[in-house]
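Chains as they are written, first to last, in full-length UniProt numbering: chain A, 1 to 340; chain B, 1 to 340.
Among the hints, a few may not be true.
For chains that are exact copies, the list does not tell them apart, and a pair is met inside one copy or across any two.
In silico DSS-like pairs for lysine-lysine, Cα to Cα no more than 27 Å straight-line [to be verified]: (1) 108 x 45; (2) 194 x 45; (3) 108 x 194; (4) 37 x 86; (5) 67 x 86; (6) 108 x 86; (7) 67 x 37.
Just so you know, these hints were derived from the structure itself, not from any lab.
Number of protein chains: 2
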Amino acid sequence: MGKATKRTVTIRDVAAAADVAVGTVSRVLNDHQSVTKQVRERVQKTILTLGYQRNAIAQSMRSARTKMVACAIRDFDIPAFASYVKAAEATFRSAGYTFILASTANDKDVELSLLQTFGQRRVDGVMMTMSDETDPDLVNAITHVAMPIVLIDRELVQSVDSVSADHRAGARQATEYLLSLGHRRIALLVGDPKAYPSRSRIEGYTEAHRSFGVPVDPHLIRDRLLSNEATFRETAALLGRSERPTAIYAAGLDTLSGPLRAVRTAGLVVGQDISIVSGNDSDLAELNTPPITALRWDRSEMGRHAAEMLLDRIEHGRQSPPRRIRLPVSLVVRGSCRPA
Amino acid sequence: MGKATKRTVTIRDVAAAADVAVGTVSRVLNDHQSVTKQVRERVQKTILTLGYQRNAIAQSMRSARTKMVACAIRDFDIPAFASYVKAAEATFRSAGYTFILASTANDKDVELSLLQTFGQRRVDGVMMTMSDETDPDLVNAITHVAMPIVLIDRELVQSVDSVSADHRAGARQATEYLLSLGHRRIALLVGDPKAYPSRSRIEGYTEAHRSFGVPVDPHLIRDRLLSNEATFRETAALLGRSERPTAIYAAGLDTLSGPLRAVRTAGLVVGQDISIVSGNDSDLAELNTPPITALRWDRSEMGRHAAEMLLDRIEHGRQSPPRRIRLPVSLVVRGSCRPA
């Protein structure tokens, strides 16, 4: 296992070691019947022993498929993506595809560059999020990308397939629940409205207020909060106001620990001094004392649907019109909210 | 944005639209100075307008680098990997590399197949875990892989670089802490001893017992627990025994919620009826009531080190001897353990 053996093994090495011509190795590789069984077995054994790998890049110039699909999500450290990605991968693996994941950092330039890289590397299909559904460059790149694409939780680009959750209905349900408990100052912590989930959540929150005849205080809507550090800071600021909110709806992905820390730091108790609804169910929400009321949707189902749509496009083409699947969101009521 | 525009744009389309010969487009692409500024600008504008992409697969047959590195971890849904992966990616991104992630499902065949795919796709480097450090096929494949490789938290294969945490010292510290509180029946929940982390944790646990002169009860060591479902089941079984453990050391990655649920289901209270140490710090450990005493190491640092080692190998070759970096593990004492 010395270092010398790590040099790339070529077809010439195989031929030399098996004591045959290069053309014979090539015929064995291409399954020609003109090679005797004895020679074929010797060559195959040599290929295994030396660890020779055919250059797949050269091969894929001849064959259309790379049997590789790529998924680009905002960040690797968002647990809420994990079950989605895991289900998508399982679907692709069982169809014989390699599934690779990349992160966009929610940055337009990274998204554009990944799309280009995936195109250059000839992946067979892409599933991805978009930092900004209204950005013309991104929309153009996604619409014209060479391979089939499925958008994850994005709805504005009408010309490609998408799988999303019904965040507007979920947000409306969460907000109406808090309003029905008598809360009138409900803080909404949310991500970037340039993307579908946050935009829809603000709509749902606003609709719920309208249906209850309660005016929305714009100071209570805090957007572009994409991390726990950001939701911690904003919650702390809100709790420091003279008229502090009586309830917090932490709507973004994986942003519950920020508010929980801020409430604790302020010396308040969840479910007594302040009510909290989490926009995404998690172990943290379920195992908290008290357990946190949370919205949930089937993320594995979402990943499976996305993978199946993409597989279908890869294998049957893009003639049929774009499809969209929108999954329902439901509220799991636990012990983190009390009447105002 | 009709579907017809999605056909791949070829160099011929660019030449036709720019009203030049194919050779002229090629010369512009290859930065030949023989093209007039005026023509060059027209061709470049046409390339942008049509969205033409050079076939990178053909290109990479000529150039050695793909500027892509791959990382293979056990599973996408283990939050403990996230900060590692994120830090590694940041390092590669700033060096101009695309970083892709794949999951092995902790399965030897998937690991072998990914190594082959990465080789065929000509990634410039690989960082990965291994399901079994003693498996000859895996060891052989990793030792002979065509590109530089860094192992993540694996130490047995001596011929390649690795970055790991000092799990033995961590496990010893956690166990000695529980022994010093008077616990004599400490359950150890751990992963697969065929890989370095679990093997080392069992060693550390055993060493601590030896140093306290306390015999190890083999029934209290439960291994191959790689999920919260598994740790839930084993904890429930342990708590149902007539001589139940007084303390649980949940040593695996991301396996704390299992024991927490099982303790709650049994009607017991953490920190009163039973003591718990988590082998990995997390939001769940920190925000639990009571907060859970936990081991921690700098996972971002680990990802950064691995990425820097791999970058160095990619850019400066594999002549120097294999390097290993082992990071310290420390115990954060919180409120989940009490004297036995």
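key: Alpha-carbon proximity between residue 108 and residue 45, which holds within one copy, between copies, both or neither at 27 Å   = between (49 Å within a copy, 21 Å between copies)
request  = Pop the pair residue 37 and residue 86 into one bin, within, between, both or neither, using alpha-carbon distances up to 27 Å.
outcome  = Result: close neither inside a copy nor across copies, 43 Å intra and 50 Å inter.
query = From the Cα coordinates, with 27 Å as the cut-off, is the pair residue 67 and residue 37 best called within, between, both, or neither?
reply = Neither way: residue 67 and residue 37 sit 30 Å apart in one copy and 41 Å across, limit 27 Å.
ask   = Taking 27 Å as the upper bound on the Cα-Cα distance, should residue 194 and residue 45 be classified as within, between, both, or neither?
value = neither (57 Å within a copy, 29 Å between copies)
request  = Pop the pair residue 108 and residue 194 into one bin, within, between, both or neither, using alpha-carbon distances up to 27 Å.
outcome  = Result: close within a single copy only, 12 Å intra versus 42 Å inter.
key: Identical-chain pair category, residue 67 with residue 86, by Cα at 27 Å   = both (18 Å within a copy, 26 Å between copies)
query = Checking residue 108 and residue 86: alpha-carbon separation at most 27 Å within a copy, between copies, both or neither?
reply = The answer is both: 25 Å in one copy and 18 Å across copies each meet 27 Å.
When each numbered hint is compared with the structure, violations occur for hints 2, 4, 7.
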